[in-house]
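Participant: Protein chains in written order, with my numbering: chain A, 288 to 446; chain B, 151 to 513.
Hint data in this document are derived by calculation from the structure and do not stem from the laboratory.
Do not take every clue at face value.
Claimed, not checked - With a cut-off of at most 30 Å between alpha-carbon atoms, the simulated DSS-like pairs for lysine-lysine come out as follows: (1) K392(A) <-> K325(B); (2) K291(A) <-> K325(B); (3) K419(B) <-> K291(A); (4) K360(B) <-> K291(A); (5) K220(B) <-> K419(A); (6) K291(A) <-> K259(B); (7) K419(A) <-> K170(B); (8) K220(B) <-> K297(A); (9) K360(B) <-> K220(B); (10) K393(B) <-> K291(A); (11) K498(B) <-> K291(A); (12) K325(B) <-> K297(A); (13) K220(B) <-> K422(A).
Claimed, not checked - Have a look at the derived ranges for each label pair, beta carbon to beta carbon: (14) E229(B) <-> Y444(A): 42 to 50 Å; (15) K312(A) <-> N429(B): 50 to 58 Å; (16) N420(A) <-> E229(B): 28 to 36 Å; (17) M410(B) <-> S348(A): 46 to 54 Å; (18) S388(A) <-> N251(B): 35 to 43 Å; (19) Q321(B) <-> S348(A): 49 to 57 Å.
It should be emphasised that the depicted structure is a prediction, and the values quoted were computed from it without experimental measurement.
Glycine included, each C-beta is placed from N, C-alpha and C at the ideal position.
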Amino acid sequence: MLTKTGVPTKEMVLSKFPNRDTLKKPKAILECYEAIPCNPCATSCPFDAIVIEDGMTGIPSLIADRCTGCGQCVIACPGLSITVAQLIDKKALFKIPYEFSPYPKTGEIWHGLNRNGEVICDAQIKQVLVTKNSKTALVTVLIDEAYLYDFATIKRYER
Amino acid sequence: MIYKDVIIIGGGPAGLCAAKILADQDVSVLLIDRDHHLGGQLVKQTHKFFGSEKQYAKNRGFEIADILIKQIADKPNIEIMLGAFVVGIYKDHVINVFKDNRYLKFKAKAFIIATGASEKSLAFENNDLPGIYGAGAIQTLMNVYGIMPEDEVLMVGSGNIGLIVSYQLLQAGVKVKGIVEAASNIGGYKVHASKLKRLGIPFYMQYTVKRAMGTTALEAVEIIKLTDDFQEIEGQTKIINTKALCIAVGLSPLSQLLGMMEVNMKYVKELGGLVPVLNTLNQTSNPNIFACGDVSGIEEASSAMMEGYIAGLGALKHLEVPHPRHDELLANYHQELASLRHSSYGEKTLLGLKKLEGGPYAN
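Start from the sequences, fold in the hints, and give me the full structure.
Facilitator: Shown next as structure tokens:
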């Protein structure tokens with residue numbers, strides 16, 4: 288249970304993913320399960336693709352047709368609870384927020400971790416974007432499609 | 151004796167927002183803080199803030215401090231006094247301030263008390279061993295002075311402060327040995343907890359600290375399992391080796407100055423302790439005294455800012471020079487506060503406020 292462990296159940300996670308056909312294009316996965324008075328995801332979206340009930344106090348939901356997978360919300364979310372996912376040729380391409388120094392470098396292979404912090408796969412770093420206005424890096428990583436619903440973040444290989 | 155129209159005590163988010171309302175109005179203002187910089191706890195906060203744009207959400211705390219400070223800096227009607235301790239406030243509306251080894255006296259028509267909160271501690275054997283810190287001390291060392299407190303830390307408390315400081319420790323390269331929580335549920339925002347879980351940080355739920363171990367400094371901590379009603383279960387202990395223990399078990403309002411003015415106050419558990427009874431202008435039972443931010447009930451910085459604006463409007467009204475947009479702004483800030491409190495976290499505050507209004511000292 289999320290409130291006891293900090294880890295959402297599989298059903299909770301699946302409820303945030305659009306169907307696999309939709310994921311042929313990049314879409315934001317809003318892993319926000321708890322109503323916190325907060326709205327930067329919605330206000331940062333250039334396409335009005337994120338709707339929050341009562342303007343601020345509800346849980347955000349995605350209008351998938353409008354979402355272009357740009358990743359603005361990934362950088363904006365104070366809870367670091369948004370990623371962008373896309374399925375390409377048996378692989379899953381994720382855009383994730385990353386706030387540890389040093390940032391990864393394009394081309395590196397890192398560990399992919401699940402929501403429990405366990406190493407589950409390799410993650411190939413495809414792009415690292417640091418915008419002027421935020422110290423949260425937007426890291427694009429490629430993982431095996433099998434880990435689409437389990438992948439949560441990345442960790443550097445320990446030397 | 152130096153005379154001012156309004157004296158604001160405390161330059162954190164609440165005091166800064168009160169000052170912002172008073173800026174450019176026809177009143178003389180003194181803003182006092184005991185620290186050597188404004189911003190209060192905001193300056194230690196390296197995480198992005200929740201809320202809406204009105205509270206500068208998605209900016210990091212220290213960035214919000216910069217924004218708020220810039221808004222009041224260089225205002226001709228606002229004098230800022232730093233490194234100054236208000237040691238007494240008296241019924242003839244005089245405060246005694248200790249600064250640079252001298253006592254200074256100020257008199258004002260209105261006071262805005264925005265003194266914030268202090269950290270609660272935890273009683274256990276050996277809790278004075280070097281290596282045992284409050285969360286505020288860890289944040290000050292790391293985020294204000296750039297000093298790593300230790301290379302490993304065990305956290306006590308899974309409220310937002312415990313979760314956020316754990317994450318900040320990880321960002322600083324400190325190993326977080328785990329988070330010890332007495333309750334069965336995580337206290338803070340679950341998104342903060344998830345950030346730590348996905349990095350593999352263990353949570354010891356329904357545990358408390360039994361004792362600290364070490365000869366000259368902390369070496370290990372013994373934690374003990376608790377029942378649902380917080381009774382220790384004998385024999386169910388774990389020993390965790392760690393050089394530092396960080397205690398983040400909540401805050402209590404720093405309301406001593408209000409006590410000196412004998413304003414109506416009440417102990418309300420949900421608001422963190424002894425808090426003043428306030429009207430909709432954040433005015434206490436003494437019409438010259440206003441209170442805002444954590445001193446009037448422990449909440450988030452976003453709420454403290456809104457309360458600061460309200461107290462500023464209240465002080466202007468009390469001085470009979472109401473803000474030109476008084477009614478409109480007051481309604482906006484109350485609406486924003488209601489919105490911020492409209493969540494499972496706000497329920498506790500709302501319950502506390504209800505108890506406060508319905509209490510024996512309510513007026």
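Participant: It remains to establish, for every hint, whether it holds in the given structure.
Facilitator: Going through the hints against the structure:
| no. | hint | in the structure |
| --- | --- | --- |
| 1 | K392(A) <-> K325(B) | 23 Å, holds |
| 2 | K291(A) <-> K325(B) | 22 Å, holds |
| 3 | K419(B) <-> K291(A) | 23 Å, holds |
| 4 | K360(B) <-> K291(A) | 22 Å, holds |
| 5 | K220(B) <-> K419(A) | 20 Å, holds |
| 6 | K291(A) <-> K259(B) | 50 Å, violated |
| 7 | K419(A) <-> K170(B) | 28 Å, holds |
| 8 | K220(B) <-> K297(A) | 46 Å, violated |
| 9 | K360(B) <-> K220(B) | 46 Å, violated |
| 10 | K393(B) <-> K291(A) | 27 Å, holds |
| 11 | K498(B) <-> K291(A) | 19 Å, holds |
| 12 | K325(B) <-> K297(A) | 28 Å, holds |
| 13 | K220(B) <-> K422(A) | 21 Å, holds |
| 14 | E229(B) <-> Y444(A): 42 to 50 Å | 56 Å, violated |
| 15 | K312(A) <-> N429(B): 50 to 58 Å | 54 Å, holds |
| 16 | N420(A) <-> E229(B): 28 to 36 Å | 33 Å, holds |
| 17 | M410(B) <-> S348(A): 46 to 54 Å | 51 Å, holds |
| 18 | S388(A) <-> N251(B): 35 to 43 Å | 41 Å, holds |
| 19 | Q321(B) <-> S348(A): 49 to 57 Å | 30 Å, violated |
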